[in-house]
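Number of protein chains: 2
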Amino acid sequence: MTPTANGNERPEVLLLGFGGVGVIYSYILQKGGANVTAVCRSNYETVRENGIDIFSDKFGEHRGWRPTRVARSPEEVASISFDYIVCCFKCVPDVKPNSEVMRPFLEMNKRNNPARLPMVVLIQNGVDIEEEAHQALVQASDPLASCIVSAVSWIAVTLLGQGTRIEHGLMESLTVGLYPSPLDNPVPAPLAESLRTFVTLAENGGGDILATNDIESKRWHKIMWNISWGGVCLMSRRPVQELLQAETMPYTLGVVRGIMLEMIGIVRASGIGEERVSVSLIDQVVGMTMSATRAKIRVRRSPDVFLERHTKSYARPDFKPSILVDLENGRPMELEPIFLNMIRRARRLGVDTPRLDLIAAAAKPIQLELVRKQRGEDHAALILDEEAIYDANPNENFTGCAPTLSS
Amino acid sequence: MTPTANGNERPEVLLLGFGGVGVIYSYILQKGGANVTAVCRSNYETVRENGIDIFSDKFGEHRGWRPTRVARSPEEVASISFDYIVCCFKCVPDVKPNSEVMRPFLEMNKRNNPARLPMVVLIQNGVDIEEEAHQALVQASDPLASCIVSAVSWIAVTLLGQGTRIEHGLMESLTVGLYPSPLDNPVPAPLAESLRTFVTLAENGGGDILATNDIESKRWHKIMWNISWGGVCLMSRRPVQELLQAETMPYTLGVVRGIMLEMIGIVRASGIGEERVSVSLIDQVVGMTMSATRAKIRVRRSPDVFLERHTKSYARPDFKPSILVDLENGRPMELEPIFLNMIRRARRLGVDTPRLDLIAAAAKPIQLELVRKQRGEDHAALILDEEAIYDANPNENFTGCAPTLSS
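Protein chains in written order, with our numbering: chain A, 1 to 407; chain H, 1 to 407.
Just chain A, same shape as in the assembly (with noise of 0.2 Å):
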């Protein structure tokens, strides 16, 4: 292992975002030889003095578990050099871009550290969500961040008990890469190493990690699910089980394959080919949601033959996608890495994007309303600015479909 930040054994890292992802991944960490550092914010007083107990099917039970440190404000971490800072905070850009989220702690470190700045890794959702980091933190004329590393999880866990306790199952695997994506470009030789260290870091630690050289198509993967069964689920304010029906499924599968479609539309545009995106995962993604309905499936017009139900992959009758929960727990919605952005690249590259344009139209009011509030704005009076501007040119609509005014 290469000499760290602070010159000692074990690499630093920062991770803002404790919530159930966060948790897994300080764990892991530090399990695989990091100091790891977690700032929290409501929880901070019961993990400083409790810990919190993890419920893992995958890495066991520990009970009041701790990481090495927990913090509040970059103050507190101003003696320490950072390796990496670990993004695991819900990206809302119109609460707060990332960048201004880890801002504070990457002056502070750099500071301490002039010589040495760390690499960013971001976990989160969504699409076109690290060149705003990227301008701001690693391509400014006073850099902060020696890159981004952009990473996509497969986890299923519950921050449970008002953030003293996390449940989980046995997924989790990260996949990593550089941002941008390197593809067949050699990556320069600091970096590698960095990343590679961290690899190390979650292998030691437990973690099923992979890192590959086009991170872009893996968040296209990831992205798929999100937005069609989720955009559904969040249209319809339901359960997937509840789309999952005999009665239902004539009416959702064919706008979920429809919704798939249109990003594969956006993918073929921005010139990624079958190769690294393959319209197969439309019926990947699909089947495997499918099999977790309990209807019987009748293929052929033939009464006696059915497709197999994987009876026991059941998804618990209650699962939503997580955009809802944050809708009916009234906190902003991941809006704009999971759908806005992918709408804003359909629009550059003029694809038609109907019934994801829906979706955008239909969440973009309650969004607003939840940001307002977050923001201490005052909603109601808002809605009824009258010196408020629309821009009715074209170019300024953000959907496919402009209105005709005279002008």
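Derived from the structure by calculation, the hints contain no laboratory data.
Any given hint might turn out to be false.
The list cannot tell twin chains apart, which means a pair is met if one copy fits it or any two copies do.
[Unchecked claim] In silico BS3-like cross-links for lysine-lysine, where the CA-CA straight-line distance does not exceed 25 Å:
1) Lys296 x Lys373
2) Lys320 x Lys31
3) Lys320 x Lys373
4) Lys96 x Lys58
5) Lys373 x Lys90
Using the hints, position chain H against chain A.
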């Protein structure tokens, strides 16, 4: 005036569905010279005892107004021969088909007076709602009604005080026409006569009524708002005003227009040309609603050119389409007449309707719960029904984009 079914001066009207719209048309027809028998459900006792309080900008204040008779069952009206059966109840055929709601009254009526069948007038939302009643009541081997009159009403009326009071503004207009639309074909004399009498009753009662040979076109006009602005409101669960903010219009307007364009596609594929349903309706319906925005609408990129705001027509900030009000109150929605009949037609004609499909996919699971509740069924148990069968044959799919399943 021709002799009525009872041979007396005043035609007999049976009015089913004594909600806001039903009260207004009871008032108009009774004032215009008919005897009105209103069939009440939840508000029977109070209406019978105290009448209903009408507060209408157009028709004035009438406290304790009463229809000629109030009834609950067919038996109570066994001695009357009806000239008109006016249907103002919600059209939710997935709970009960229109014809089934009318049948017991029509059978009793025919027993009483087999020689003269009444005219059925459907004052209901949606498209393609008439055929079911036409088949079951008019074209049946033992017909119970002389014909179906389809009617489109523009009216905003609110039922308050648990069905004891209605509030109504100035807007009230009714367009009526024989189903199927005769267009240039002659209408049989007795039907024409009976329809004329109905129009005269409404006119004498102070209503704005118009007869047309093409009621089908009028239904498409009316539904255009409901499916577009109404559809996005339904998905968003927000009042119209929240779709009209400077920050939400870039998302909502394009989708609203897109939904309308899907409808125009269906209309044209149905053989209904520009002269019957004009595409310019899109601009009218978008513009009419947009004029209720509080935001300034900048037409060009020039910083100082704004569209004039119709400050007087500001909609009430909390106005919601009735389908959303039904959802919020846990009542089955008019999903079939407003959305699903349109999509059925689209599938039959091969028209792609991605936005309407998504609305249907999201609303169907909700509707299923509301209908099951209404029927006294156990929704939670039915979700987990392992015997229900889903036909994964593309022809069985309601929406455009069917699943691929190895067969």
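Checked hints:
Proximity of Lys296 to Lys373 under the C-alpha cut-off of 25 Å is restricted to the inter-copy arrangement: shortest distance 24 Å between copies versus 45 Å within a copy. For a Cα distance limit of 25 Å, the shortest separation of Lys320 from Lys31 qualifies neither inside one copy, at 31 Å, nor across copies, at 54 Å. In the homo-oligomer, the alpha carbons of Lys320 and Lys373 lie at most 25 Å apart both inside one protomer (23 Å) and across protomers (22 Å), since each shortest distance falls under that limit. In the homo-oligomer, the alpha carbons of Lys96 and Lys58 never lie at most 25 Å apart, since the shortest distance is 33 Å inside one protomer and 52 Å across protomers.
Taking identical chains as interchangeable, the C-alpha atoms of Lys373 and Lys90 lie at most 25 Å apart only when both belong to the same chain, with a minimum of 17 Å there against 37 Å between chains.
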